[in-house]
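Q: What follows is the residue order along each chain.
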Amino acid sequence: MVVTKASSIFSAISPGQPAGKRPGRFQWGLLAVGVLGFCVPLMAAVLPEDRADFLYHSYSGGGLVVNGPSILARKKIGKSVSMWGKYYVDSLTSATIDVVSAASEYHEERIEKSVGVDYLHDKSTLSLGYTNSAENDFVANTVNFGISHSLFGDLTTVSLGYTRGLDDVTSSVDPNFSESAERSKYRLGISQVLTKNMLMGMTFETVTDEGHLESPYRRVRFLDTSAATGVAYQGEEYPETRTSHALSISALYYLPYRAAIKAETRLFTDTWGVNASMYELGYVHPWKQHWIFELRYRAYQQDQADFYSDMFNRISEFNYHARDKELSTLNTSSIGLGASYEFGDKSWRFIDKGSVNLMYDRYQIDYLNFRNELAEGYAPGTEPMYSQTADVVRFFVSLWY
Amino acid sequence: MKTCLSIMLLLLGLSACSIEPWVKPYERANLADPIMSFDRDPSATSYINHVHEARESSRGAESGQGGGCGCN
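Chains as they are written, first to last, in this note's numbering: chain A, 1 to 401; chain B, 402 to 473.
No lab work stands behind these hints: they were computed from the structure. A virtual CB, placed ideally from N, CA and C, is assigned to each residue, including glycine. Be aware that a few hints might be false.
Claimed, not checked - Capping the alpha-carbon separation at 25 Å, the derived lysine to any residue pairs in SDA-like fashion look like this: (1) A:K75 - B:P435; (2) A:K76 - A:D154; (3) B:K425 - A:I351; (4) A:K79 - B:W423; (5) A:K123 - B:E428; (6) A:K76 - A:Y401; (7) B:K425 - A:I261; (8) B:K425 - A:K76; (9) A:K76 - B:E428; (10) A:K79 - A:I351; (11) A:K75 - A:L255; (12) A:K196 - A:L255; (13) A:K288 - A:D154.
Stated by the list, open to error - Output of the computed footprint for chain B on chain A, the stretches with three or more beta carbons under 8 Å from beta carbons of chain B: (14) 53-62; (15) 146-154; (16) 202-214; (17) 241-250; (18) 254-260; (19) 274-283; (20) 388-396.
Unchecked claim - Just the calculated beta-carbon pair ranges, DEER-fashion: (21) A:Y401 - B:A430: 23 to 29 Å; (22) B:A430 - A:S178: 53 to 59 Å; (23) A:N136 - B:A430: 38 to 44 Å.
Produce the complete structure using the sequences and hints provided.
A: Given below as structure tokens:
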């Protein structure tokens, strides 16, 4: 079967389906605005530096390849206003396990455009941002508002943020399919200088979703003795609401010989029954005048959603059913390396300085109750568990002006 | 959200108090070093968060908040 039209960044499609989306991917818009539009300086209430980043990104793993450019630029206007804009492209080629069992490789593109403004007044920074993300069958519009305030002699920065997202979901194979989803995101962040060598940060975030949250393409499989293979398929059905809470705590410590270590943990829970934890350790080491090297290790673990199953016993066994491997029980570990070279000086006409950066991360993802249904010689539902590796590359040039 | 606002108002109220900063401005050279940023490169951080969100179910409270932007 040849996929007629596919969709979704980083999504995987299910057996018997042309292409699919996964829940949560539409929050990319929320994430982008949250990260880019709601960044606040740690040390004091100052506007971000004028800079431009030209990034090439690449993800390759499990039969999925995603790459493309990203351009981000910031510029102050006067002493109180900083504006930024971003243009980002995901070019996707997919033949994942979800695809190859029933369909062929597909290609698609997602384009994301964002703009934002930060306004500084005394010790406070107000931020406003807007993002539009468009695919052939999915459009997401997101607005964000944030405020941060520096206090206690600039040792503490408190920030609050609110993000609202509206998604329009259609289907490339069903012209009559049209659904929507609404999202809200509430964020509280605190950054704290503990000592002259140590910083800490804490963020708590609640996200609520309402609307069509499942893939219009993905299906679940169930046992069916009347089928030749013993297996049949039906569409996914998710609850129409989801509320999640996440708490992260991070710390940075400056070592005596000019290096830094970073530690971070993040805990997550939601009303779908998914509980997750993440731990990360990093080390940053400057070398001579121009080089900075990084090393990091990250571990992630999550439990499955209440309504997930690799194999259901019969059709419509439960009201809600999912077989998205990202909703299964899984473990992820990754090792990352980074190198940055800084160049330039104030004598350049328009540019204060620049840097060339290369970062590489290797991921190992082990699914503990998502089976490799492509494995031969096994009865349905007894195949070995699926696992995959992924390589992530970020190459970018940054200019400060 | 009400809880968040209450905490914010409490902290703003406390800011009016004359708490002596225990790390003086002239002692913050190490903290101002670019390597002491939670998020030195916002584009790169944004992208890796995207990867995590696509491959994992948890979302929210990602790194890159509260510091960084290369702002230090």
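Q: Evaluate each hint against the coordinates.
A: Results of checking the hints against the structure:
| no. | hint | result |
| --- | --- | --- |
| 1 | A:K75 - B:P435 | holds (20 Å) |
| 2 | A:K76 - A:D154 | holds (22 Å) |
| 3 | B:K425 - A:I351 | violated (32 Å) |
| 4 | A:K79 - B:W423 | violated (29 Å) |
| 5 | A:K123 - B:E428 | holds (20 Å) |
| 6 | A:K76 - A:Y401 | holds (10 Å) |
| 7 | B:K425 - A:I261 | holds (22 Å) |
| 8 | B:K425 - A:K76 | violated (28 Å) |
| 9 | A:K76 - B:E428 | violated (28 Å) |
| 10 | A:K79 - A:I351 | holds (19 Å) |
| 11 | A:K75 - A:L255 | violated (33 Å) |
| 12 | A:K196 - A:L255 | holds (11 Å) |
| 13 | A:K288 - A:D154 | violated (31 Å) |
| 14 | 53-62 | holds (count 4) |
| 15 | 146-154 | holds (count 5) |
| 16 | 202-214 | holds (count 6) |
| 17 | 241-250 | holds (count 6) |
| 18 | 254-260 | holds (count 4) |
| 19 | 274-283 | holds (count 4) |
| 20 | 388-396 | holds (count 4) |
| 21 | A:Y401 - B:A430: 23 to 29 Å | holds (25 Å) |
| 22 | B:A430 - A:S178: 53 to 59 Å | holds (57 Å) |
| 23 | A:N136 - B:A430: 38 to 44 Å | violated (52 Å) |
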